[in-house]
Amino acid sequence: MATLNTILSIAAAEIGVTESPRNSNRTKYGAWYGMNGQPWCAMFVSWVFDRAGSPLPVMQQGAPSGAAYCPFIEHYAKRQGRWYSKPQPGDLALFHFGKREAIHIGIVETVMIAGQFNSIEGNTSATSNDNGGAVMRRSRNVSQCRGFYRPVLTLPKKGVDAYYRLIRLTSPYMRGHDIAEWQKQINWFKYGLDVDGEYGPRSMGACKAFQRTRGLAIDGVVGPITWAETFKKLN
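Letter by letter, the sequence shown follows residues 25 to 259 in the numbering used here.
Keep in mind the hints are simulated off the structure, nothing from the lab. Errors might be hidden in some of the hints.
Quick list of the computed label-pair ranges, beta carbon to beta carbon [to be verified]:
#	residue 1	residue 2	range
1	Gly61	Leu240	51 to 57 Å
2	Asn60	Thr237	21 to 27 Å
3	Gly58	Ser163	29 to 35 Å
4	Trp212	Asn60	49 to 55 Å
5	Phe213	His99	42 to 48 Å
6	Gly139	Gly40	23 to 29 Å
7	Ala241	Gln62	24 to 30 Å
8	Pro196	Ala55	35 to 41 Å
For lysine-lysine, the following DSBU-like pairs were computed, each having C-alpha atoms within a straight-line distance of at most 30 Å [unchecked claim]:
#	residue 1	residue 2
9	Lys208	Lys256
10	Lys102	Lys123
11	Lys214	Lys256
12	Lys232	Lys256
13	Lys110	Lys208
14	Lys123	Lys110
15	Lys123	Lys52
16	Lys232	Lys214
17	Lys208	Lys232
Virtual Cβ for every residue (Gly too), placed ideally from N, Cα, C.
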């Protein structure tokens, strides 16, 4: 099974891919799924997980994995007890956009405060949320979602292998599994952070203090060097 890093890396590498020809719904994702020419946001998500070596369970008859119809994914998640109201990276966001059922889906990439998150989505655009013809990174709000399906993934629990992105102070604050793991480990050095998965001013202060003690660049950014130094005790 794939790590979260693999899932997100494969999804991000597809950003910019569009239908060919325009307005045809014809893509490599639809061709792989066997329903080329149909709306393809769910087929894109299913393709990403399959390429990452962690295929989604078959939720629709005849599917290679996953589903082409968003409500099938929602129903499966609820039956399996993997349906959540708040997102984390790697979740599948099921969007309603004011409709009575899920009409669009994307892969949650990063989570911020105030119910905001970024997702990587297929068949979207700035002018059409759910039938835009391109793979894009979109800024979304939890209020646009019916909920979140959390597939079973192999997530690294600790150590250098858990690193996959630059962690820094942003507005809104960055949130995620990796931040919680870093907070847990930095507390071994007596920094007393709340392990809440949110990179706020206190976490940045602890990062700068730690960097100072280790002779690193004092920028408050948890990059690969700071991450590796934080987890050095475990290796």
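Comparing the hints with the structure gives:
1. Gly61 to Leu240: 51 to 57 Å: Because 53 Å falls inside the window, the suggested range holds.
2. Asn60 to Thr237: 21 to 27 Å: Violated: the Cβ-Cβ distance is about 57 Å, outside 21 to 27 Å.
3. Gly58 to Ser163: 29 to 35 Å: Given range 29 to 35 Å: holds, Cβ gap about 32 Å.
4. Trp212 to Asn60: 49 to 55 Å: Given a distance of about 52 Å, which is inside 49 to 55 Å, the answer is holds.
5. Phe213 to His99: 42 to 48 Å: Since phenylalanine 213 and histidine 99 have Cβ atoms about 46 Å apart, the given range 42 to 48 Å holds.
6. Gly139 to Gly40: 23 to 29 Å: Since glycine 139 and glycine 40 have Cβ atoms about 27 Å apart, the given range 23 to 29 Å holds.
7. Ala241 to Gln62: 24 to 30 Å: 50 Å Cβ-Cβ, so the 24 to 30 Å window is violated.
8. Pro196 to Ala55: 35 to 41 Å: Roughly 38 Å apart at Cβ, these two residues keep to the hinted range, so it holds.
9. Lys208 to Lys256: 14 Å, holds
10. Lys102 to Lys123: 19 Å, holds
11. Lys214 to Lys256: With Cα atoms ~16 Å apart, lysine 214 and lysine 256 stay inside 30 Å; holds.
12. Lys232 to Lys256: At roughly 17 Å apart (the allowed maximum being 30 Å), lysine 256 and lysine 232 satisfy the hint.
13. Lys110 to Lys208: Roughly 21 Å separates the two Cα atoms, so the pair holds.
14. Lys123 to Lys110: Satisfied, since the Cα-Cα distance of roughly 20 Å is no more than 30 Å.
15. Lys123 to Lys52: 28 Å, holds
16. Lys232 to Lys214: 14 Å, holds
17. Lys208 to Lys232: Measuring from Cα to Cα gives roughly 16 Å; hence the hint holds.
Checked against the numbered hints above, the structure breaks hints 2, 7 and satisfies the rest.
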